[in-house]
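J.: Residues per chain are reported as follows:
2 protein chains.
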Amino acid sequence: MNIDEMLKQKQLKVTPQRKAILTVLERSESVLSAQELFREVLELLPGTNFSTIYRNLDTLLSRGLLCRIPRENGGDLYEIRREEGHHHHVICKGCGASIPVDFCPMETLNCQLEEYGFTPTEHHFEVYGLCSKCKKQHRIP
Amino acid sequence: MNIDEMLKQKQLKVTPQRKAILTVLERSESVLSAQELFREVLELLPGTNFSTIYRNLDTLLSRGLLCRIPRENGGDLYEIRREEGHHHHVICKGCGASIPVDFCPMETLNCQLEEYGFTPTEHHFEVYGLCSKCKKQHRIP
DNA sequence: CTGGGTGCAAAGGCTTTGCAGTGGT
DNA sequence: ACCACTGCAAAGCCTTTGCACCCAG
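So the sequences go chain by chain: A and B.
Mapping to the working numbering: the first sequence position 123 is 662, numbers consecutive.
Mapping to the working numbering: the second sequence position 5 is 544, numbers consecutive.
Simulated from the structure, these hints should not be mistaken for lab results.
A hint or two may mislead.
Note that identical chains are pooled: a pair holds if it fits in a single copy or bridges any two copies.
Said to hold, decoys possible - Below are the DSBU-like pairs computed for lysine-lysine, each with C-alpha atoms no more than 30 Å apart in a straight line:
#1 675 to 632
#2 558 to 675
#3 552 to 675
#4 674 to 552
#5 675 to 547
#6 672 to 552
#7 547 to 674
#8 547 to 672
#9 558 to 547
#10 549 to 672
#11 674 to 558
#12 672 to 558
#13 674 to 549
#14 632 to 549
Work out the full structure: start from the sequences and follow the hints.
T.: This is how it looks when you write it as structure tokens:
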């Protein structure tokens with residue numbers, strides 16, 4: 540599905556700004572912060588405003604077109620929701636690479652919580668550390 | 540172990556501010572944001588400054604006396620690291636209650652990452668949703 | 001044409017930092 | 001006495017908001 544169709548399907552207007560935001564996220568191999576996204580959108584569509592980015596991140600998130608990943612030290616990271624389905628991220632503190640992982644802890648936890656009467660709506664699971672490449676650079680065994 | 544000993548053991552000076560911060564966190568049944576903590580510390584030790592809180596949250600965190608939990612919409616929550624050991628939180632979006640859970644996804648994931656050459660240093664796992672009490676209030680089945 | 005969407009500018013909130021002074025050890 | 005620690009005030013950063021204009025449907 541292309542970007543225009545994604546937006547229309549969610550009953551959102553197709554504006555150049557939204558197309559730029561989704562294009563950047565689509566092309567990006569890793570997850571992006573709002574500010575990183577903003578800088579990249581500017582290259583694609585100069586003149587785009589801060590607030591447009593923020594407003595649209597909220598909108599696109601609420602329509603389920605994006606995922607949000609809380610960052611280790613404040614702020615959030617965003618990624619486009621691809622068809623591959625639900626996954627989580629292992630993030631290298633050295634190079635910032637975010638490695639997607641299929642494993643989801645909720646598979647184990649869901650039934651336990653159900654017994655308890657708790658209905659989960661969202662969850663976050665991220666792992667931080669060093670990838671093999673960065674371990675070598677930092678000379679960590 | 541009492542608070543003074545905790546600080547000394549970490550080679551930190553025992554100041555009234557630090558004692559107040561740890562006391563508040565010790566007494567608190569749920570996790571607190573920096574600002575919530577600040578307000579409560581003020582009652583215990585009026586005149587304490589913002590920056591003292593923030594600086595000490597960093598310090599205490601780096602010495603392993605605290606845990607940090609990324610909040611759903613920006614900011615972090617803090618809790619004192621108790622002896623009970625590692626756990627995670629299920630947080631009710633209705634009443635804010637944070638229910639500790641022993642389950643940790645890293646038990647499953649650790650060996651997979653090791654094969655991959657990735658060394659995890661930190662991880663976050665939180666679940667958000669509605670507890671049974673709040674479901675009734677919100678009239679959600 | 002009509003409301004959702006955008007740009008602009010300003011405010012807001014939380015957090016960090018520099019500096020001088022204080023207090024723990 | 002020394003240096004970690006604190007208070008204060010200011011700056012910093014990211015994010016949100018109000019308002020007028022604009023353009024996609």
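J.: If a hint holds in the structure, say so; if it does not, say that too.
T.: Consistency of the hints with the structure:
{"no.": "1", "hint": "675 to 632", "result": "within (13 Å within a copy, 42 Å between copies)"}
{"no.": "2", "hint": "558 to 675", "result": "neither (39 Å within a copy, 41 Å between copies)"}
{"no.": "3", "hint": "552 to 675", "result": "neither (48 Å within a copy, 36 Å between copies)"}
{"no.": "4", "hint": "674 to 552", "result": "neither (46 Å within a copy, 34 Å between copies)"}
{"no.": "5", "hint": "675 to 547", "result": "neither (47 Å within a copy, 35 Å between copies)"}
{"no.": "6", "hint": "672 to 552", "result": "neither (43 Å within a copy, 39 Å between copies)"}
{"no.": "7", "hint": "547 to 674", "result": "neither (45 Å within a copy, 33 Å between copies)"}
{"no.": "8", "hint": "547 to 672", "result": "neither (42 Å within a copy, 38 Å between copies)"}
{"no.": "9", "hint": "558 to 547", "result": "within (12 Å within a copy, 56 Å between copies)"}
{"no.": "10", "hint": "549 to 672", "result": "neither (41 Å within a copy, 32 Å between copies)"}
{"no.": "11", "hint": "674 to 558", "result": "neither (38 Å within a copy, 38 Å between copies)"}
{"no.": "12", "hint": "672 to 558", "result": "neither (35 Å within a copy, 42 Å between copies)"}
{"no.": "13", "hint": "674 to 549", "result": "between (43 Å within a copy, 27 Å between copies)"}
{"no.": "14", "hint": "632 to 549", "result": "between (35 Å within a copy, 25 Å between copies)"}
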